[in-house]
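Peer 1: Spelled out from the first residue to the last, the chains are:
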Amino acid sequence: MIRFAISAILLASAAPVLAETHTIEPGEGAQERLQEALILAEAGDEIVLAAGRYALTDGLSLDVEGVTVRGAGMDGTVLDFTGQQGAGEGLLVTSDNVTLRDFAMENPKGDGVKSKGADNIVYHRVRVTWTRGPHPENGAYGIYPVESTGVLIDGVKVTGASDAGIYVGQSNGITVRNSIAEANVAGIEIENSRNALVEHNVATRNTGGILVFDLPNLPVMGGGNVVVANNLVVANDTPNFAPPGNIVAGVRRGTGIMVMANESVLIENNILSGNPTAPIMVIAYPQPFEDENYDPVPRNVVVGANLIADGGYDPQIDGAEMLLAAFGGELPPLMWDGLGEAGVTLKVAPGVSGWTLNLTEQGKGMGGASPARLQAPPPSERFPTEGIGAPAELEARLEG
Amino acid sequence: MRPGSAFLAFACLALAGSVAVRAEVFAPMGGGPSSVSDSAVREGLPRLLSDFGFFEDASMQLPVAGVIPYRLNTPLYSDGAEKLRFVYVPEGQKFGTSGEGLLEFPVGSALIKTFAFEENGKRRLIETRVLLHRADGWLALPYLWNEEQTEAALAVAGARVQAITPTGETISYRVPNKNQCKECHGLNGKVVPIGPKARNLSTDWLNATLREVPDGADTLPVWENRSSVSVDEAARAYLDVNCAHCHRPGATASNSGLDLRWEQDDPHAIGIMKRPVAAGRGAGKHLYDIVPGKPDESILLHRMLSDDPGVAMPELGKSTVDDEGTVIVRRWIEGMAP
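Heads up: the protein sequence lines correspond to chains A and B, in order. So the first sequence is numbered by UniProt numbering: it starts at 1 and just counts up by one. So the second sequence is numbered by UniProt numbering: it starts at 1 and just counts up by one.
Rather than coming from a laboratory, the hints here were simulated on the basis of the structure. Errors might be hidden in some of the hints.
[What the hints assert, rightly or not] Straight-line C-alpha distance at most 30 Å; calculated DSS-like pairs for lysine-lysine:
#1 364/A to 347/A
#2 94/B to 122/B
#3 113/B to 83/B
#4 122/B to 190/B
#5 364/A to 122/B
#6 190/B to 364/A
Starting from the given sequences, assemble the full structure and let the hints guide the process.
Peer 2: Right under this line is the structure:
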């Protein structure tokens, strides 16, 4: 990422270079003062947002490398975008090595924070809230890193996103942890990304809790090497409120953890309860597509031991009544569409029961389904986790 | 008004009508030579527009010698603002072309673009954006005009200004901040000019200023004359100029997979039966960017017809819907065979 000439000029004229702290207070002119600080910051500087509520009319943006934006806590410093008149997001970051921490953003008109092509970014204790709760006219994504290498999201909270609360797209080297995704369509979504670790999060009251997707026709495809472990995925029962047309609009209310396409995904040691369609769902990309480089069928999805209760009791699936009757009132917790081959597509630890739609053709809908109990072999070897997650050096920026 | 200004004003008007004007007409005429400050173009963050010396009379937008006006065949919408565009290349240096694409400007060049609206029969200058080609790349800076229309000052954080559009709408016009300049001008991590591509410049102008007309020059239709070209050409030119600076590989909206450049001929890449990726609520109730024959089911037109931030496209530089542009795009989609 090339920095703006401005930083170079200022650096050249201000030797020796010392990181500076610029403090911004809420009140009159906050929009211009804050944006100016974000533009005039030099690499390594810290922009401190004093406690209070900032009424903002336009999206903010940061394009200087190595800057930290620090508020007085996710309930102390609130960037209020209720009156936003322009721009597609609340804050856009396009530079590398940026740290965003300890502030909140409320009611952005589009996305909350988007970081694009911003490598080694840290989001720590950032809150993005659409205060009216689930609504189709809320912004799409709360925390939205895309096309980036090195993403650490720790301790964030997103409520009310009309697409995904925490969405990581077309990226590599990702950790999402210790975070809360509540009342979004998708709680946490990892899309067309590799080497992602999703752990110790709470996903609740979303339509779907944690989604791992790979979609065709994107600049970056071939998602995989994803670990979803030690998450609490409970009561994801909000009716889908995504505008139709988005891929998540097809997510069924009551989906816990869902894998669509992808290669090598481990789902282990999660607690799943109160996900009425399916605690765990593994499916192929369901739409017809034209992209010869894309594989719509998942490969090597490993469902290890998970603690699962109260799932599949009210599935949003055609023929639900018959299915419930056939399976004794509650569907087995793991649902597979049957596309691919058991053992290649899917491996399941002993003790996790499942069922399959037994579909035979990708992209043809559920017409040919012939549901049955799932027989899939257990994982035969340890799931390799080397290289999965954000680079270790990002941890240091969580201190303080 | 200084001596010579009247003549320059005439030259500007002539150019605005897309008449060929040789660069020589801008040779200084008496009153002492005013000239561009090359140091302001090359370094620092000049606080005032006048620091550059681009204009003989800035409030009249009369350029000094060596600052050459130009227009684009198909322009960016920009809420219908009147736009005055100029290019400056340092004395003794040349700019050139390598085909239909972007003109190549040497270090030390500047592109200058002033945005204005007419109010009470008078032109009111709102902002002047400059793109400076420096040793380490292009730098984009916005300058905001004062109330008295005597000077424009650097506004790195941008601004909002009340303005009345040509259709009579009162809008809160957004002067982009310095980073927002890059949202449109960013390509593969660098800032680049967008407008002055040979294919979107007239043969006459290229002849007059470069004495050279590359293949593929002047191929985008002149917007006012769009009724004389095919709907396909008019629409694709409009999308190229208004959308493709972001919706192309390497630019701000690359992750959408939508590529609206003039030269893109893959129907899926330009949106035909393409599903959205991260459109969020911007998709409305629709499933595809473009559904042939069905403009009202096409996300692309839906977003052009919106002025709601978070839905509206383009995201920047638009507070009102472009009626002319949406008509052309609607007809283009209507005419596609399902």
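Peer 1: State for each hint whether it applies.
Peer 2: So, going through the hints one by one against the coordinates:
The suggested pairing of residue 364/A with residue 347/A holds, with an alpha-carbon distance near 24 Å, which does not exceed 30 Å. As the CA atoms of residue 94/B and residue 122/B are separated by approximately 36 Å, the hinted pair breaks the 30 Å bound. Note on residue 113/B and residue 83/B: the hinted pairing holds, with a Cα-Cα distance of about 7 Å set against a maximum of 30 Å. For a cut-off of 30 Å, the pair hint linking residue 122/B to residue 190/B is broken: about 38 Å separates their Cα positions.
Between the alpha carbons of residue 364/A and residue 122/B the distance comes to roughly 62 Å, so the proposed pair goes past 30 Å and is violated. At most 30 Å may separate the alpha-carbon atoms for a hinted pair to count; residue 190/B and residue 364/A exceed this at roughly 44 Å.
Checked against the numbered hints listed earlier, the structure breaks hints 2, 4, 5 and 6; every other hint is satisfied.
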